[in-house]
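Visitor: Given next are the chains, with one letter for each unit.
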Amino acid sequence: MDVGVTGPRPATSELSFDEWVGVRAAALLRFAYLVTGSQQEAEDAVQSALTRALERWSRVRRTTDPDQYVRRMIVNEHVSGWRRGRRRESPVAEVRQAPGADPADAVARADAVWRVCAGLPRQQRAAVVLRYYEDLEYAEIAALLQISEVTARSHVHRALASLRSELTREDDDE
Amino acid sequence: MSDDLELEELMRSGLERQAAVADVTAPVVERARSVARRRRRGAMAVVAAAASVAAVVTVGVVVDSGDDPHPPAEDRGGEPLPAGWRTEYWRDLTVDVPADWGYGGAPVRSGRDLVACYPEAMVGPDGARIEGRPTLGYVGRPIMLTDVCALYPDIRPGGPEAPYVWLGADIEPGLVDLGNGYVQETVEVNGSTLTVATDDPRLRERILDSADGGEQCFSELAAPPSVPVEEDFGAPASGMLVCAYGEDEGGVIGLTYSAVLDDRAARAFESAYDRAPSLPAGRTCDLGDDVDWVVLIVEDRRYVVYTHGHGCPRVDGPVGPVRLSEELARPWAVGGIPATVSAGATTERDQWVYDYFIGPQG
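Top to bottom, those sequences are chains Z and D.
One point on numbering: in our numbering, the residue at position 121 of the first sequence is 123, and numbering is uninterrupted.
One point on numbering: in our numbering, the residue at position 120 of the second sequence is 175, and numbering is uninterrupted.
All clues given are correct.
A short list of chain Z residues far from chain D (calculated; beta carbon distances all over 10 Å):
id, residue
1, Asp69
2, Gly121
3, Pro123
Just so you have them, the derived chain Z footprint on chain D, three or more residues with Cβ under 8 Å:
id, stretch
4, 67 to 77
5, 269 to 275
Hints in this document: simulated from the structure, not taken from any laboratory.
Model, not experiment: these values are computed from the prediction.
Glycine is no exception: its CB is placed at the ideal position from the N, C-alpha and C atoms.
Produce the complete structure using the sequences and hints provided.
Guide: Take a look at the structure:
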């Protein structure tokens, strides 16, 4: 994850939108990319969330963690994904090779992670990203996704099981 | 084969590696600023509600594009609401409706039947009880406002007389020709149904396209709310946030209504609370069940209203519980509250509650 501001940091309630977004935009784009699985969808989701945050900034900065607020909007917009008239989102995320991909075992296993995540339903993928990329607790994940904590745990555990199966399949193929 | 810890570490490193693929140079911030500037430039500052609902202001709802009275839904996506519209909430569903519409009942399961009690505007947009307004559009919820009901789908042979929106009705998605030029369309949004019936296809499209997920209140609670309120509702920039919850037959405590009221309402409520005598310590009532709660939020202060209170309706707040009085209810029991929140059987002195909430007989 991108590192935040170094040195003394003003209280969130005092942060201007420019100060906050200047250090968080890149991290939000990476987060959105993992959740949506698509660069275009990530840009759309982040732009929409930032627009709404900017218009409500006086409230957002005083009453909640802006990161949490914007993260939630990004996830909600993607996970809902039912809107009429919009291009139907593919349930399968892009599978792009990270730069410098090579057949080394560690890299292959990392690619397996994304292949598994790319095939997950949207809400499940969001739960996995929030757990293993954002390092949120299950209670926080449940609150953000507005699901029960049991469901959040189930999403993550089933994703791990899928990863285990994928790795087993790769090992058997070798 | 990796054990769970190894799998988790692999998941972390894999996601980190994939996140590095994202193009973070995309000018999303500039685009966001541009969109926000465009909206402000074309704005007319208005209160987006009917003139008679003077105390109700919904969050972020004050501007209109100015040029197009019906801006395409794709340009809005939750952005400021045009004049003459208001936002309604049910579970994780929000939808915009004409601000002058009233409130009525939507079909709800009663045994093997679907009944609407009653599928007509019974409460005005300001929260006042109304009668004899069959041509007034209304927003219906699957809540019994009265013991006089109509059987769905045979509600009105020949077709409706007024447009309506139903939130959470137990109806399958699809299109129905109702007659009299009316078409009813039901879609599913975030786990709830949204039904729109109009004789104006453009209006129906407009309403359906406005449907979105909710952010103003939690769509469901794990347990009845209590003070201190543990959930992080946040707070409106000004005024008072109202989040009403009801427990359904499955035991789910879901959002049934929400609004943001102005500073005047917030001050009137808190002033009444501060003056109200505390309930005697240890006093409890054991009459009936609590099925409705209202969470009120003013800045960082949280209140929970128990309209049933097991027979003793009360308000719990920062300095403890007080008896629910008409003075305490009046500031916020407006708009859709009288068509959404019920009060249980109560004493002679508390009969006023039925002017503000749904009574046992409707």
